Amino acid sequence: MPNAALEISGLSKSFDKPVVNALDLTIRSGEFYALLGPNGAGKTTILRMVAGLLRPDEGAISVFGIDARKDAIAAKKIIAWVSDEPMVYDRLTPLEYLEFVAGLWQIDATTAKARALDLLDWLGLAPHANALCGSFSKGMLQKVALAGALVHEPRLIILDEPLTGLDAGSARQVKDVLLNKVRGGVTVIMTTHILEVAERMAERIGVISNGRLIAEGSLAELRNRIGRGNTSLEEIFLDLVQTDAQGVAA
Amino acid sequence: MAQPASITWFARHELGLAWRDWAAMMTGGRRTRGMVLGAILIVAALIMHLIAYGIVSSWLATGIGPDKPTLVMLTGGGLLFWSVMLSQALESVTRVYYARADLDLILSSPASAKRLFAVRTGAVALTTFAMACLLTSPLIDVLVLLDGPRWLAAFGVLGAISALSAAIAVAVTIALFHTVGAKRTRLIAQIIAAIVGAGFIIGIQAAAIIYYGKFSRFTLLQSSDVIKVTPDLTSFVWLPARAAMGDLSALLPVALLGFGALAAVIAVTASSYGHHAISTASVSHIRTERRPATRAFKSGSPKHVLRLKEWKLLQRDPWLLSQTLMQILYLAPPALMLWINYGEHSGAYVVVVPVLVMAAGQLAGGLAWLAISGEDAHDLVVTAPVSARMILTAKIEAVLTIIAIILLPLIALLALSSPQIALVTAVCALLSAGSATAIQLWFRVVARRAMFRRRQVASRAATLSEAFASIMWAGTGALWASSSWLALAPAILAILVLGFAKLISPRRD
Numbered sequence: 001m002p003n004a005a006l007e008i009s010g011l012s013k014s015f016d017k018p019v020v021n022a023l024d025l026t027i028r029s030g031e032f033y034a035l036l037g038p039n040g041a042g043k044t045t046i047l048r049m050v051a052g053l054l055r056p057d058e059g060a061i062s063v064f065g066i067d068a069r070k071d072a073i074a075a076k077k078i079i080a081w082v083s084d085e086p087m088v089y090d091r092l093t094p095l096e097y098l099e100f101v102a103g104l105w106q107i108d109a110t111t112a113k114a115r116a117l118d119l120l121d122w123l124g125l126a127p128h129a130n131a132l133c134g135s136f137s138k139g140m141l142q143k144v145a146l147a148g149a150l151v152h153e154p155r156l157i158i159l160d161e162p163l164t165g166l167d168a169g170s171a172r173q174v175k176d177v178l179l180n181k182v183r184g185g186v187t188v189i190m191t192t193h194i195l196e197v198a199e200r201m202a203e204r205i206g207v208i209s210n211g212r213l214i215a216e217g218s219l220a221e222l223r224n225r226i227g228r229g230n231t232s233l234e235e236i237f238l239d240l241v242q243t244d245a246q247g248v249a250a
Numbered sequence: 001m002a003q004p005a006s007i008t009w010f011a012r013h014e015l016g017l018a019w020r021d022w023a024a025m026m027t028g029g030r031r032t033r034g035m036v037l038g039a040i041l042i043v044a045a046l047i048m049h050l051i052a053y054g055i056v057s058s059w060l061a062t063g064i065g066p067d068k069p070t071l072v073m074l075t076g077g078g079l080l081f082w083s084v085m086l087s088q089a090l091e092s093v094t095r096v097y098y099a100r101a102d103l104d105l106i107l108s109s110p111a112s113a114k115r116l117f118a119v120r121t122g123a124v125a126l127t128t129f130a131m132a133c134l135l136t137s138p139l140i141d142v143l144v145l146l147d148g149p150r151w152l153a154a155f156g157v158l159g160a161i162s163a164l165s166a167a168i169a170v171a172v173t174i175a176l177f178h179t180v181g182a183k184r185t186r187l188i189a190q191i192i193a194a195i196v197g198a199g200f201i202i203g204i205q206a207a208a209i210i211y212y213g214k215f216s217r218f219t220l221l222q223s224s225d226v227i228k229v230t231p232d233l234t235s236f237v238w239l240p241a242r243a244a245m246g247d248l249s250a251l252l253p254v255a256l257l258g259f260g261a262l263a264a265v266i267a268v269t270a271s272s273y274g275h276h277a278i279s280t281a282s283v284s285h286i287r288t289e290r291r292p293a294t295r296a297f298k299s300g301s302p303k304h305v306l307r308l309k310e311w312k313l314l315q316r317d318p319w320l321l322s323q324t325l326m327q328i329l330y331l332a333p334p335a336l337m338l339w340i341n342y343g344e345h346s347g348a349y350v351v352v353v354p355v356l357v358m359a360a361g362q363l364a365g366g367l368a369w370l371a372i373s374g375e376d377a378h379d380l381v382v383t384a385p386v387s388a389r390m391i392l393t394a395k396i397e398a399v400l401t402i403i404a405i406i407l408l409p410l411i412a413l414l415a416l417s418s419p420q421i422a423l424v425t426a427v428c429a430l431l432s433a434g435s436a437t438a439i440q441l442w443f444r445v446v447a448r449r450a451m452f453r454r455r456q457v458a459s460r461a462a463t464l465s466e467a468f469a470s471i472m473w474a475g476t477g478a479l480w481a482s483s484s485w486l487a488l489a490p491a492i493l494a495i496l497v498l499g500f501a502k503l504i505s506p507r508r509d
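Protein chains in written order, with full-length UniProt numbering: chain F, 1 to 250; chain S, 1 to 509.
There could be a bad hint or two in this list.
[As the list claims (entries may be wrong)] Here are the computed lysine-lysine pairs in the BS3-like style, where the Cα-Cα straight-line distance is at most 27 Å:
#, chain 1, residue 1, chain 2, residue 2
1, S, Lys183, S, Lys114
2, S, Lys303, F, Lys77
3, S, Lys312, F, Lys77
4, S, Lys312, S, Lys298
5, F, Lys138, F, Lys175
6, F, Lys70, S, Lys303
7, S, Lys312, F, Lys138
8, S, Lys298, S, Lys68
9, F, Lys138, S, Lys183
10, S, Lys298, F, Lys77
11, S, Lys502, S, Lys303
12, F, Lys17, F, Lys70
13, S, Lys183, S, Lys312
14, F, Lys77, F, Lys175
Hint data in this document are derived by calculation from the structure and do not stem from the laboratory. What you are looking at is a predicted structure, and each value in this text was computed from that prediction instead of being measured.
Given the sequences, and given the hints that come with them, work out the whole structure.
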């Protein structure tokens, strides 16, 4: 069994201009990895390429040893993707939505229903299991989307700004669910602009700027790198991004 | 400079937004595209005027005067057109109350909701007038050129009728708010709009079929029986027709009625606008509880799961009804014709073929957009371990199954009398539905289902190709059913339209 959950090498993508630039990144199996970067740094583009939502121009993506570009279906079987905009049908109930997701991932119907009920209960959605999602708040929709991502028990969960727009209670529930999954051996990659979340939850942090990985490591390793102890992640992040911007400008 | 939050200020704001919206939709922000579009519009206008000339010149040759047949024809034709205008106004007024956009911002501001309502209701009347002008101005222009400027008064009649349509639409909507509540008003207003839009046309088609055995709606309007029973020439019923022909003494009461009704309705109902608009805001937050699902999850292949999802969503789509009801209602006259002429002569069925083929294409276009482009959980479906081909195949199968369920009873009825015509209808309906679906597939975009109502303006190329292909397959069906070799011509044109659509469709990686 490979030790790396995700291995990216030489990954590039351009739209009007290069967005991801020959990126190399390795994420270990069972770790919680936070991907940080300023707006437009290329974080979402990287994750969308891993999830199979965007085609890379160049480079390789391997998910638990599976070449995601050659065998996309096999890779998708063990990946879950959660974006900042919940991907939920207004006219389905959470239970119907989870039934649909389980069907797409070909999960046994009995197992799927048991998991769905557990997840809805876990996320505090059980009382709304039979209400149409169209009537839900953003936080509730995000939790339904998260339940959808977990119902097929993925080995790698990719989340793009999953806490955007959530109230404190909902954010806590989502974070608890993710930490629980990591404790169970699942790998989580998450982008976030809430640096305290990355600071508290992530084992390792990667900082992306201009489509490149400019720094990576645990919080302590990042502090060492800029040569300041007891510095907050916010200061480390701003320092790294500013230095990189100056380097690019020069 | 208008005083902020005054009627003029709101009107300028609305007009500015409408103009930018229209310009963006037409040009996509590109100047060259705007110029090409301008050229296309000029050519289209010229063609429409040529067609109008073809219609009007023969009519003018016999001399147009305010006699009974002319007044019956103008009034009947006008009523047909008005039913469509009223349907459009009903749709638009519903949006005034239900579309959120900037409504929350304005209603939470100290600005007067009454003034906003007056401006938006006026805008509905203006839009209805603009649409009416777009469709009728070629006819009126040709009449002005060939028969004199008196026909310019027809534009005044259109304006008055547009105002009356907006007034009736507001009155109906308010009445619905009071009787069925905010939650059901939108749905019922859509059904009324569809029935009004198609009802009158269908009604006189049905009458023509029952009494004259013909399918044309003008058969009834030209019949001596109808002319005989209509009121005499002095009746007020003929006022709009007389006004359109340049009789200013008739135009004055028509204008007074239309604009007066609009002003009165605004004055009476404006104060309740804020209240009703706020009540519609809570509609989307109403928790629509469904029966607790005690059943087990169903298992099946991913393809089957996708098809089930599409059928469930189509069945629950709140806007689908208004978009497809009219097309389904149009199937009523052919069904009636099949019923009336059952077992008599198969020749009568030839006219049914193109209607069924057209309906198949138009229905398939709408449903295919919802299934293929209107995917609310696009990322979820794309990240599922299912091939893109399987996803598209499942969606196409879901659409074609629905079309088959709608058309099969009619085709089966047809088959009992004429298996050959039934076969022709089935083949052409399949080709028409398949073509519309293929076009939607080639022009697919990532959109929310709620954008359904804008699908026709989002890609004019797709809309036009879909309409042309349906018309050509309908023509093929009609000619093939009459055993004419000429059927090959529209069939070839349909294939060319499809080829052209594929050629200009966006390139995909």
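Okay, the hints, checked on the actual structure:
Our distance criterion of 27 Å between C-alpha atoms is met by lysine 183/S and lysine 114/S, whose separation comes to about 22 Å. For the given pair, lysine 303/S sits about 16 Å from lysine 77/F by alpha-carbon distance, which is consistent with the 27 Å threshold. A threshold of 27 Å between alpha carbons decides the hint, and for lysine 312/S with lysine 77/F the separation of about 25 Å falls inside it, so the pair holds. Among the hinted pairs, lysine 312/S with lysine 298/S is consistent with the structure: their alpha-carbon atoms are about 14 Å apart, no more than 27 Å.
For the hint linking lysine 138/F to lysine 175/F, the alpha-carbon distance of about 16 Å falls within 27 Å, and the restraint holds. Our distance criterion of 27 Å between C-alpha atoms is met by lysine 70/F and lysine 303/S, whose separation comes to about 22 Å. For a cut-off of 27 Å, the pair hint linking lysine 312/S to lysine 138/F stands: about 23 Å separates their Cα positions. In summary, the hint linking lysine 298/S to lysine 68/S is not supported, as the alpha carbons are separated by about 66 Å, beyond the 27 Å threshold.
Among the hinted pairs, lysine 138/F with lysine 183/S is consistent with the structure: their alpha-carbon atoms are about 22 Å apart, no more than 27 Å. A distance of roughly 20 Å separates the Cα atoms of lysine 298/S and lysine 77/F; the hinted pair therefore holds under the 27 Å criterion. Of the pairs offered as hints, the one joining lysine 502/S and lysine 303/S holds, with about 26 Å between alpha carbons and a cut-off of 27 Å not exceeded. For a cut-off of 27 Å, the pair hint linking lysine 17/F to lysine 70/F stands: about 26 Å separates their Cα positions.
Restraint check for lysine 183/S and lysine 312/S: satisfied, since their Cα atoms lie roughly 21 Å apart, inside the 27 Å limit. For the hint linking lysine 77/F to lysine 175/F, the alpha-carbon distance of about 23 Å falls within 27 Å, and the restraint holds.
Violated hint: 8 only; the structure is consistent with all others.
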